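Chemist: Using the sequences provided together with the hints, build the complete structure.
Same order as they appear, the protein sequences are chains A and B.
Following this note's numbering, the numbering of the first sequence begins with 1183 at its first residue and continues without gaps.
Following this note's numbering, the numbering of the second sequence begins with 1183 at its first residue and continues without gaps.
No lab work stands behind these hints, which were simulated from the structure alone.
All figures in this text were calculated on a predicted structure; none of them were measured in a lab.
Same chains, same label: a pair holds when it works inside one copy or across any pair of copies.
Here are the simulated lysine-lysine pairs, DSSO-like style, with alpha carbons at most 30 Å apart: (1) K1355 x K1200; (2) K1216 x K1251; (3) K1482 x K1216; (4) K1216 x K1353; (5) K1216 x K1200; (6) K1353 x K1200; (7) K1216 x K1257; (8) K1252 x K1216; (9) K1249 x K1216; (10) K1252 x K1200; (11) K1324 x K1312.
Now for the letters of each chain:
Number of protein chains: 2
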Amino acid sequence: MVGASALPTFADIEAAAKRIEGFAVETPLLESRKLNAIVGGRILLKPECLQRTGSFKFRGAWNAISKLKKSGAAKAIVAFSSGNHAQGVAAAAQIARLPAIIVMPSDAPAIKIANTRDYGAEVVTYDRVKESREDIAALIAKERHAAIVPPFDHPDVIAGQGTCGLELISKAKALGTDIDDIAVCCSGGGLTAGIALAAEALSPRTRVHTAEPEGFDDYARSLVSGKRERNAANAGSICDALLSPTPGELTFAINQPRLGPGYAVSDAEVREAIRFAFETVKLVVEPGGAVALAAVLTGKIPANNRTIGIVLSGGNIDAALMAEILRG
Amino acid sequence: MVGASALPTFADIEAAAKRIEGFAVETPLLESRKLNAIVGGRILLKPECLQRTGSFKFRGAWNAISKLKKSGAAKAIVAFSSGNHAQGVAAAAQIARLPAIIVMPSDAPAIKIANTRDYGAEVVTYDRVKESREDIAALIAKERHAAIVPPFDHPDVIAGQGTCGLELISKAKALGTDIDDIAVCCSGGGLTAGIALAAEALSPRTRVHTAEPEGFDDYARSLVSGKRERNAANAGSICDALLSPTPGELTFAINQPRLGPGYAVSDAEVREAIRFAFETVKLVVEPGGAVALAAVLTGKIPANNRTIGIVLSGGNIDAALMAEILRG
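Modeler: As structure tokens, then:
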């Protein structure tokens, strides 16, 4: 069990921001007048699909791995991931010149497995239903004297993801804009927790919301019940990046007292949001990266006369799935 | 005939930059480490697909139309365009509260016609092979007391497009980066001319190059021969935005003494570039907006150890065509 003392703070996010400078992309804040007109509010998009490795995950991975490299604590890096964290860790380990072994589900999108190997990592696949990725990673860590960089439940990972919120809020402030709500695509809750910490420090009136796939809304339900709920299923959503079974322990400790209500969207609504991002914003967004946009486009998160930050958290979608979505 | 005195200057681009501020998007400068590694140089992408109306055309349209509005010289705006200029003019006229009549080829992509109507414009279609869009526009201008805003051969339009070059070079300088070459998707030459003027003023050693579809490389051939050459065909390329038959008179006067050699790419190379932008950069780029990227990806514009600015000039591609390209 990790004690409360291990929770990251805003100071850790500021330190992470210095660490990622020159390594991560400072993604722009984009605004679409068409989107604003459709929802009747002002939407500020934070396109993490434009981030190095195609998702926000590089932020946390580099923050954690650059610290491990500096301390000399690990001979290699192990991670388990449905794909985006895998790419983030592989790329960060490559920069740090540490070997990376990534444990990935055998049904992960081909592009994510291929890209992870392209970053020089060794990929070990497992059966998402029958095997435990945690057990496999622990065994590899022991055999290879490697440090595990978990996908969300680690202070350095959360602090790294928090830089996304720091940038979003700082850039909005530079435009003279106050943000009412931030909608975040949520799985284990690391990105959400980092953004919640940044918002608390920089813009306390801003409410941060989780967006999740229907059937995988463990975070929304946990926020209501006050304890970490589990999803009934562990597969079956188009959002391959958002299938964590339950909130992280650390992330839930951070998020529970800080978040507004969470929202869930259907696969059909996610497909609509991906198509909308293609047609109107000209960005490639993967299913798991489009749930927050879907939550706003459907009106589940009310945008009327509000200013809402939306994180488009990733863009690693297979060409075949995108073609299918575009054919309608 | 337009005299040399009508040629825009860098001061006109600076004035245009003030005029478009708060109306156009100051598009970011994006860099992909994967793209850099592939071509062996440093590539700075200027994604005008993220511009208002989905292409750079809004810049020139708003510069011209906001001036017309201020002078009270026109009761309406007429334009002829294969699509992107149409959307730029329609959106600019809507902001200026002037009626817009757009003359568009009947075979323009459905999304471009629909979007033009969405911006409140009246669309008049014509047969690209049998009819003259110039004649139709002139007749409408006379009947409706309207000013024609041409797609490229006008000082205010060229100056507006030049703001794209001004931003590209200024942002690169802010990064401490000197640009060796800028590759520009080229049809009538307005964007190229504006960027050439900006480069001459801000970074005289930077060479600006046209990129065109094979069979529609009138600009490249004109730069070689020293006179305005014509294309043999007026249809048949995937690049619907780049089918102008010959360089503009004004644009050629600006470009001829200022440009490096021009390059042509095949439809297959353009498809590859669109797919690359989807997979690696996570941007939606239309065929006509991808020719400059294609010219660099194919090695036709050598990138080895060079720093090259590439303008991704538009993203208005039909979903059906994108799906076909992604299916491969």
